[in-house]
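Chains as they are written, first to last, in numbering that gives the first Met the number 0: chain A, 0 to 294; chain B, 0 to 402.
Simulated from the structure, these hints should not be mistaken for laboratory data.
Nothing false has been slipped in among the hints.
Computed from the model, here is a short list of chain A residues facing chain B with C-beta under 8 Å: (1) G122; (2) T129; (3) G260.
Quick caveat, the model's predicted, so the values are computed rather than measured.
Cβ atoms here follow ideal geometry from the backbone N, Cα and C, with glycine treated the same way.
Spelled out, the chains give:
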Amino acid sequence: MFEIFGIPSTALFGQLLIGLINGSFYALLSLGLAVIFGMLNIINFSHGAQYMMGAFTAYLILQYSGLGYWPALILAPIIVGITGIIVERLFLQRLYKLDHLYGLLLTFGLALIFEGVARNYFGSAGLPYTVPESLRGGQNLGFMFLPNYRAWVIGASLGVCLATWFVIERTRLGAYLRAATENPALVRAFGINVPRMITLTYGFGVALAAFAGVMAAPIYNVSPQMGAELIIVVFAVVVIGGMGSILGAIVTGFGLGVIEGLTKVFFPEASNTVIFVIMAIVLLVRPAGLFGRRA
Amino acid sequence: MRRTLGLAALAAALACGGASAQQVNVKIGVLSDMSSLYADIGGPGSVTAAKLAIADFTKDNPNVKVELISGDHQNKPDIGSQLANQWFDVDKVDMIIDTPNSGVALAVSQITNTKNKVFIVSGAAASDLTGPKCNANTIHWTYDTWMLANGTGNALVKTGGDSWFFLTADYAFGHALERDTMAAVEKAGGKVLGKVRHPLNTNDFSSFLLQAQSSKAKIIGLANAGGDTINSIKQGAEFGIVKGGQKFAGLLVFASDVNAMGLQTAQGLTLTETWYWDMNDANRAWTKRWQAERGAAGKFPTMVQAGVYSGLTHYLKAVAAVKSAADGKAVVAQMKQTPTDDPLFGKGTIRPDGRKVHPAYLVEVKAPSESKYPGDFYHVRATIPADEAFRPLKEGNCPLVSG
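Between the sequences and the hints, there should be enough to build the whole structure, so can you do that?
Below, the structure is given as structure tokens:
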């Protein structure tokens with residue numbers, strides 16, 4: 000066991016792994032945001048509330064139907080995705096031609112409403128939700144004890160992120176989506192139902208947030224403010240990665256999770272702020288973000 | 000902002016028929032965390048407790064007219080200060096009560112002293128409020144960090160937990176609790192192996208728990224509260240902290256936290272409280288009233304909310320005796336002179352430094368199999384008598400205490 004900057008190497012590797020786990024949540028959430036912004040030009044401030052709704056839906060599914068974690072992992076994103084589609088149909092589609100600010104304000108207002116309603120019915124202390132049986136326990140890796148559930152989180156997020164990236168960048172459907180963002184009129188002329196694609200894309204982005212919420216429910220406190228705390232950091236991640244870039248969101252999410260993990264070892268009090276410091280630096284040097292293209 | 004116009008009308012109607020007692024007007028503000036991690040500890044439940052106190056008091060004292068408002072300090076001292084200033088200057092509030100979050104409470108205590116109003120702290124913990132930062136307008140009611148440190152800390156060291164590692168919320172409360180518990184642990188013969196400070200309202204404790212694990216301390220002291228404590232314990236279970244032989248010391252845990260964690264996660268935790276809903280019939284009866292008024296059958300009042308009821312009752316008695324709420328120092332002096340007596344905390348006293356003293360109870364969280372009904376959370380393991388539960392008067396460095 001050797002020391003790096005006064006910290007034993009085992010502790011450091013442990014923290015790096017933890018950072019990767021946190022990074023998975025950042026990556027999943029910023030992926031949803033990047034998809035929505037990249038495809039729809041809407042800054043979805045209600046992403047954190049939709050993440051929270053995913054966790055709450057998982058809890059409610061357990062309470063009312065007895066279905067546990069694995070069904071909830073599929074059902075909750077679908078349910079929350081449908082509410083996202085309703086929001087898009089009712090409100091967002093009127094805002095596409097307007098300045099980005101309107102979409103931001105609308106989704107911010109919706110976030111406050113969702114959180115307020117949740118807090119009214121459930122209180123703010125939080126609700127219990129346990130790790131599923133099959134994922135309990137962990138492996139002793141020598142330099143740290145890795146809970147099985149956390150290993151699953153890294154694997155599932157990586158899988159979902161890469162699958163999404165593949166669909167958007169490498170398949171025909173993704174090509175239609177990207178074309179529709181650039182020139183909707185022309186794409187419609189080809190007979191592709193653009194409004195429906197946009198609606199489904201928003202629903203998918205929201206479902207990604209809810210999926211992250213269900214994964215968070217067993218390990219983080221399921222409370223109405225769980226999204227509000229996370230969403231600010233996630234926005235910073237998206238800005239650093241580049242607002243419209245899918246790959247940027249994924250890479251930056253994992254990368255910043257690791258950096259935050261390292262900060263927690265060397266200077267824990269700053270762990271909240273290090274991501275914003277990096278965001279400020281990146282914006283000064285590369286305003287479009289690390290992977291972003293200039294609009 | 001809420002107004003109890005109905006109560007005012009009732010009081011006026013009762014006053015019409017009776018003898019001409021001089022009317023005393025009082026305005027109370029419940030300043031609490033209404034929307035964030037401490038909202039279930041104080042929050043709307045404290046407003047409910049205040050309403051019950053006002054209803055009970057004005058029933059027997061129709062000449063006192065009480066108005067109630069409430070506000071959300073959002074755990075930010077600047078917002079709390081701005082609200083306190085506005086309430087005292089513009090809204091003519093005479094007394095502020097509750098205020099979980101020691102950072103906010105310390106700020107509001109200063110403002111109350113400058114404006115000569117009254118501040119009864121039920122929610123906040125920092126023992127500095129009756130220590131170096133004490134003043135003649137502030138009373139610290141329900142509990143404080145010294146009591147928690149000596150109650151839980153002492154008990155755990157005596158049962159073999161002689162090496163500690165602290166996980167501390169990085170603000171006034173966390174620092175105070177860590178300082179008092181370190182002192183208590185070292186006095187009892189234990190050792191402190193290390194500490195790590197985390198920002199308030201942290202989601203993920205995995206990296207801090209990893210550091211705690213590698214310190215090999217027997218006890219991991221959680222110098223945090225609310226959502227932070229819940230997250231620490233939940234994630235501690237994931238990382239096999241308890242299986243690995245270490246124990247958590249929940250230095251500040253409330254019934255609402257135990258409810259949120261579920262007994263499966265919280266079982267075995269040792270903690271100190273000064274009021275538990277299920278301890279006697281008076282508490283149980285009051286809890287039913289609180290639940291009905293709050294509209295929340297599944298929630299249970301915390302000691303903070305009970306403290307709001309108790310503190311407000313004593314304040315109103317003092318105001319009635321002094322016949323005016325205008326002079327804060329006079330009312331507080333009256334409160335200190337009169338012994339306290341209410342259905343929830345029983346008989347007690349308030350010391351010259353503003354510290355209310357009453358017994359403390361060392362409790363252990365039950366296992367799920369031992370819990371017979373909702374809310375059946377605790378075994379009461381020991382009672383710490385009032386004269387031992389709180390820091391001795393002379394040790395506080397309070398400027399109001401001479402010598």
